[in-house]
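Since the structure of chain A is already known, use the hints to place chain B on it.
Residue numbers (the numbering used here), protein chains in the order written: chain A, 1 to 218; chain B, 219 to 545.
Since the hints were derived computationally from the structure, they do not count as laboratory data.
All figures in this text were calculated on a predicted structure; none of them were measured in a lab.
Each residue gets a CB set at the ideal place from its N, CA and C atoms; glycine is no exception.
Check the hints yourself; a few may be wrong.
Claimed, not checked - Not everything, but these chain A residues come out facing chain B in the computed CB check (under 10 angstroms):
hint : residue
1    : 108
2    : 110
3    : 113
4    : 114
5    : 119
6    : 132
7    : 201
8    : 203
9    : 207
10   : 208
What the hints assert, rightly or not - Computed beta-carbon distance windows for the label pairs:
hint : chain 1 : residue 1 : chain 2 : residue 2 : range
11   : A       : 123       : B       : 278       : 45 to 51 angstroms
12   : A       : 109       : B       : 486       : 53 to 59 angstroms
13   : A       : 108       : B       : 398       : 27 to 33 angstroms
14   : B       : 534       : A       : 109       : 43 to 49 angstroms
15   : B       : 258       : A       : 122       : 18 to 24 angstroms
16   : B       : 375       : A       : 109       : 51 to 57 angstroms
17   : B       : 398       : A       : 123       : 20 to 26 angstroms
18   : B       : 278       : A       : 208       : 28 to 34 angstroms
19   : B       : 279       : A       : 109       : 45 to 51 angstroms
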Amino acid sequence: MLDFGWMADHLDDLLYRTIQHIWLAGIAVGIGFVISFALAVLAVRRRATYGPILAVSDILYTIPSLALFAALVSVTGITLLTVEIPLVMYTLVIFVRNIATGFDSVPADVLEAANGLGYTGRQRLWRVEVPLAVPLIVAGLRLAVVSTLGLVTVTSILGDSFGGLGFFILQGYSRSFPTELYFGAVPSIVLAVAFDVLLSRVQRRATPWARPLMGTTV
Amino acid sequence: MKAVSLEFRHVSRRYADLVAVKDLSFEVPAGKICVLVGPSGCGKTTSLKMVNRLIEPTDGQILIGGRDIMAQDPIELRRGTGYVIQQVGLLPHLTVGNNVAIVPRLLGWDAPRIKARVDELLALVGLDPAAYRDRFPAQLSGGERQRVGVARALAADPPLMLMDEPFGAVDPIVRERLQNELLRLQEQLAKTIVFVTHDIDEAIKMGDLVAVMDVGGVLAQFGPPAEILANPASDFVARFVGADRGLKRLSLTCVGDLNLQPPGDDFRPRPGQPLVGRRATLKDTLSQMLDADVSAAVVVDRNQKVLGVVTYDQIAAALHDGGSGAK
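Just chain B, same shape as in the assembly:
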């Protein structure tokens, strides 16, 4: 289904004695990933849960594709919106296949269509359908469970996905792999995704747009990651993104994005000079240069053909090109 835009208009959520979300307004264009990030108690999860009405706003409007969610039946709204949570919440008494089939069943699809869809989705998230379809969640690793959780959320092809710290419960290596796979999937699927995390690095990596939230449910800054890193709107944002925000910006740009000058035919890398691929980030490239104690790295393609040379000065200059970044 075609992705839809999502808009928060002056949304607040008050409880008896506290404000969880305060006058939140932002807009996510269709097909973009928006990451809500902030310390605990900033209302990011509350904001996410208001989108599918697991929590209802006390003030303001939330519009999905221009339609006010309060005008929609909450059950239909939830069936039409993908939802992934940190603890995954697979139903332990259902097999992997039946977990993925939950929403299609609730929607009343016929059996052959459900089966075909389950197999398609398991393959999509990198699980062999024949091997995994009939297993129970207790027989899976943490990473496999999380993949099933994503497949389940995608089952009815929702235009909007809500992901609440989806990779928070897996180890760092698995987390990075799942992040990369989600980005790869997103290139294919182009869903509108709202993604909650407390990890600023994850926010920068995953987000087309990042909403930094402060305690009390206040939106501290909203924009593309490169802009937030280059121009933090407040001391809070600057502290939250970290003193290494310059280095973080380097991770947004690949050496392939720089204006590389092809060297002459007689160019040969010096011994010990680092070789990097064009998809390497400026941060990793700089790290390798520091490690090798040299002032330039050589960019090569898959066949080790030299594409150009990257120097300290070029890396430093890239940061000052208005912080546009690769996204």
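Just chain A, with the same shape it has in the complex:
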């Protein structure tokens, strides 16, 4: 049976670990997004780089996470860097693919018109291509956030200072104490679902033009 008394005693730990969980995932998603955005722009602007960029991010994704965390410890020690390098790497494949596909989804006639109207390259990127790629970019963001929130639990193998909610899972498992295991597992699932729902709202909000019936009030 679950020990609710133990749970009640550890609510402040739960809060701390939840914040840590979001923080560790947030750093990875943020850095991964910026790197991927730059790579996706490069891939779309210089077509020759498209294949290699996607191939490299695919290969990175195939490296098992546990092995990578363990291997990095000998290089970067038990540090935030060791936590974030793999997390960022795994976001790349999701982000690069989605952002590049997003840019590719902008219709050719729209780009031609934008050029003909006199947008500069930079204006076209920020005022035309990015807004139109938003649905796929946000779709990538949802995937990356959910998968990174999952992976953060694995970082608990790097010791007590990391792991987010994974800390409870690992502790509960090694002490054969199911209460603590569920105390980490259930909130980490709730967190992932909550972010997914939140971002799906954002996705719909960000594309008012994609709803043909809206605005035809007559």
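Quick look at chain B alone, frame taken from chain A:
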């Protein structure tokens, strides 16, 4: 802004293994519509895109109002030139109003001026600003989108407009209406317009001047439509304008342009005799005469007052008056 002339001087565009446009020279006077027409692969769209430097010529010069385009900044050149394409290319994430406002915004106009201009242009192309300003392109019909495309191209009052098969993607009825509206607009605005189409009938209808182009980017003939129909310069042009070019010439002239003799006061149209307005083309008039199996039609004004009678012989004679046509 006052219209400007456009001149192509020995313009060529070569790619690695093919020539898209070959030694193209012609001049469009300010305020005229020049139609580039020809089969696919004749380089008409390439020629058009060279004017605003979406494609750069490999040889020759293009002058707008006497100024070489290669001496101008391409971004400024494009902002100062209207551009309409077949698929319209409205930005789907911007409302109709914001689409029309694109070039004024890029040029840094202030908000009240932009708003006033957007409403003026929507009204000009026949769209009620209050009803259309805040809609998204996905909420418009094909014809409405094309109107917005024209309004957007006119936004900064460019002296020169480039139109690449602007009515190619709409159905024939809408196309004819849009063609007529553009001609009506042109009477008011008197822009210099370069218009690309593959449809010879559209070329004849829209053009003050027509450039017939052949595969390989060669200019086959350049001149007013009536002249091209009356005296095709080559077999290619004759084939391209069609065996019915005589009938096509009839469509260039209205019965009102003929020297009509007012009939006597006691004249009454016979039953079944077709009545036509003075703006009816000779082609339509002839068609009605053939349909009614009579040899003359009666020309009437708006109040059904008889202005004269048109006969087969007069129509045939009009074709041989040097093919001057109404344009």
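Q: Hint says 53 to 59 angstroms; check whether the CB-CB distance for residue 109 of chain A and residue 486 of chain B agrees.
A: 57 angstroms, holds
Q.
A range of 28 to 34 angstroms was offered for this pair. Does it hold for the Cβ distance of residue 278 of chain B and residue 208 of chain A?
A. This hint is violated: roughly 47 angstroms between Cβ atoms.
Q | Restraint satisfaction for residue 201 of chain A [CB to CB of chain B, less than 10 angstroms] | A | 18 angstroms, violated
Q. Is the interface hint for residue 113 of chain A satisfied, with its Cβ closer than 10 angstroms to some Cβ of chain B?
A. Result: holds, 3 angstroms to nearest chain B Cβ.
Q.
Quick check on a hinted range of 43 to 49 angstroms for residue 534 of chain B and residue 109 of chain A, using CB atoms only.
A. 46 angstroms, holds
Q) Do the beta carbons of residue 375 of chain B and residue 109 of chain A sit within 51 to 57 angstroms of each other? A) 24 angstroms, violated
Q.
Min Cβ distance, residue 207 of chain A to chain B: is it shorter than 10 angstroms?
A. 8 angstroms, holds
**Q.** Interface restraint verdict for residue 114 of chain A against chain B (beta-carbon cut-off 10 angstroms)
**A.** Holds, because the Cβ-Cβ distance from residue 114 of chain A to chain B comes to roughly 7 angstroms (cut-off 10 angstroms).
Q.
Hint validation: residue 119 of chain A versus chain B, beta carbon distance must be below 10 angstroms. Holds or violated?
A. 7 angstroms, holds
Q.
Between the beta carbons of residue 108 of chain A and residue 398 of chain B, is the distance compatible with 27 to 33 angstroms?
A. 30 angstroms, holds
Q: Let me know if the C-beta of residue 132 of chain A comes in closer than 10 angstroms to any C-beta of chain B, holds or violated.
A: OK, holds: residue 132 of chain A within 10 angstroms of chain B, min 6 angstroms.
**Q.** Restraint check, 10 angstroms cut-off on beta carbons, for residue 203 of chain A near chain B
**A.** Violated - the Cβ of residue 203 of chain A stays beyond 10 angstroms from chain B, reaching only about 14 angstroms at its closest.
This entry does not satisfy hints 7, 8, 11, 15, 16, 17, 18 and 19, going by the numbered hints stated previously.
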